[in-house]
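Trainee: Listed below are the residues making up each chain.
2 protein chains.
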Amino acid sequence: MAKRKLETCFSPALYQSEEQSNSIVIIIDILRASSAICTAFANGVSAIIPVGEISEAKEYKARGFLVAAERDGFVLDFADFGNSPFNFTKDKVEGKIIVYSTTNGTGIINLASSAYKVAIGSFLNIGALAKWILSQDRDVLLFCAGWKNKFNIEDTVCAGAIAERLMESNLYSTICDSTLAAIDLWSIANPDLRGYIEKAAQRNRLREKKLDDCIDFCLTSEFTEKVPVIKNGILVDNLL
Amino acid sequence: MAKRKLETCFSPALYQSEEQSNSIVIIIDILRASSAICTAFANGVSAIIPVGEISEAKEYKARGFLVAAERDGFVLDFADFGNSPFNFTKDKVEGKIIVYSTTNGTGIINLASSAYKVAIGSFLNIGALAKWILSQDRDVLLFCAGWKNKFNIEDTVCAGAIAERLMESNLYSTICDSTLAAIDLWSIANPDLRGYIEKAAQRNRLREKKLDDCIDFCLTSEFTEKVPVIKNGILVDNLL
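Protein chains in written order, with this note's numbering: chain A, 1 to 240; chain B, 1 to 240.
Note that these hints are calculated values from the structure, not bench results.
There could be a bad hint or two in this list.
[As the list claims (entries may be wrong)] Pairs of lysine-lysine, DSS-like flavour, derived with a Cα cap of 27 Å:
1. A:LYS148 with B:LYS150
2. A:LYS3 with B:LYS148
3. B:LYS58 with A:LYS150
4. A:LYS96 with A:LYS61
5. A:LYS231 with A:LYS199
6. A:LYS150 with B:LYS96
7. A:LYS209 with B:LYS3
8. B:LYS150 with A:LYS3
With the rest of the complex left out, here is chain A (with noise of 0.2 Å):
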């Protein structure tokens, strides 16, 4: 049998949307954005619209929506949340539509709006996005959204760390030295993540910032069994 094939992408500059058209698109964005809409489908957030431009996020605002809204890391001052993951907490978001709009995150999941599926991934629901992968027969890239384009430290290694999880199932093949490149960057930085992402430079803009209070909680794997999906364009649980 045909094995299905692997692929990583290190920078939304290096995204090309038709390639995409029949695959499942991950989306690795872990400090912070990826992580914090994990953390919320945790905590029971019924669905979150992403949305690019800080009118349109003001717009929602006006409408009487929660708004997650930062640029740069900073909460904007209409928002009522930033994209820390411990501002997602159950008492805010449980059972509510949040709008969201980030730095880089929203503008990826525009990106990749023509893919089969688009999912968020993230070390706190690796094992349960390993799973749902799985269970679909399909392609897979593994999209990290960098930092301004540029590749970054965290998401490759997290990707590496999704990518080795496929390739153990042996459904999956890639002739991506990019995903080649991600695994074994994952091998170097398992044994000790926290003190390995201590060189990325987002973990030094974060600390620069005073938002790094956050980033163990970031690498925490298997904190939740979500799976954020985009249907129709907003974010949603892919068991509804």
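Starting from the known structure of chain A, arrange chain B on it as the hints suggest.
Mentor: Frame of chain A, contents of chain B only:
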């Protein structure tokens, strides 16, 4: 004293020329353009004129120049050479000017042309290259050619090897995740470079096309002391 900045770019699609106007850019395309260029200089070529378009290469041929031209690894019918380093022997190239058009390489040379200086890097000239870079008081960008705008393993590992040497000098610092990842991948590859490169997609493409006889050679360190640099759009020995 402020250290010089060291960065790495994994693909032409990620290159931002406006950021490099004061930097030295090192073009790395080891399978096979940058290895072929270093070999040609080792064997006494006077200059190499990089051209992008096949039609332009044909015009030079009609005017009596030696022409190296390939697309996807194969020599074009009108050309004197392809881009195997083994083509650029002393008896063929010594004292000559060669016109060179490759799938990837020449486009990248043009892309980098607004940098302060542009040089050609490979394992073949790694020692001399590092020495030359250290003699310049400049920020450096290691520019991996990749393959059709995608990340590739072989250029990344070579960038990691160059970066390691520069970082050891203590004259450079980096907050660039790509550089840190390249150094880590080099640390995995270094004990058995030929074995490691076996998994690279380009290694397998060259095998399928029976163009892989030169790979061991391309992975040889310190074959030549030549550092080809671009002056007025033409590749020459940096000592000229």
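Trainee: Does the alpha-carbon distance linking A:LYS150 and B:LYS96 stay inside the 27 Å limit?
Mentor: 40 Å, violated
Trainee: Mind checking the alpha carbons of A:LYS231 and A:LYS199 for me, to see if they're no more than 27 Å apart?
Mentor: 36 Å, violated
Trainee: Hint check: A:LYS209 vs B:LYS3, CA-CA at most 27 Å. Holds or violated?
Mentor: Answer holds: A:LYS209 to B:LYS3 is near 24 Å, not above 27 Å.
Trainee: For A:LYS148 and B:LYS150, compute the direct alpha-carbon distance and say whether it is at most 27 Å.
Mentor: 17 Å, holds
Trainee: With a cut-off of 27 Å on the C-alpha distance, tell me whether A:LYS96 and A:LYS61 pass.
Mentor: Holds. A:LYS96 to A:LYS61 sits at ~14 Å (cutoff 27 Å).
Trainee: Next pair to validate is B:LYS58 with A:LYS150; report whether the Cα-Cα distance is within 27 Å.
Mentor: Distance ~37 Å between B:LYS58 and A:LYS150 Cα, so the pair is violated.
Trainee: Quick one, are A:LYS3 and B:LYS148 close enough, alpha carbons at most 27 Å?
Mentor: OK: A:LYS3 and B:LYS148 at ~24 Å, within 27 Å.
Trainee: Sort out whether A:LYS3 lies within 27 Å of B:LYS150, counting only the CA atoms.
Mentor: Satisfied, since the Cα-Cα distance of roughly 22 Å is no more than 27 Å.
Hint compliance for this structure: hints 3, 5 and 6 are not met, and every other hint is.
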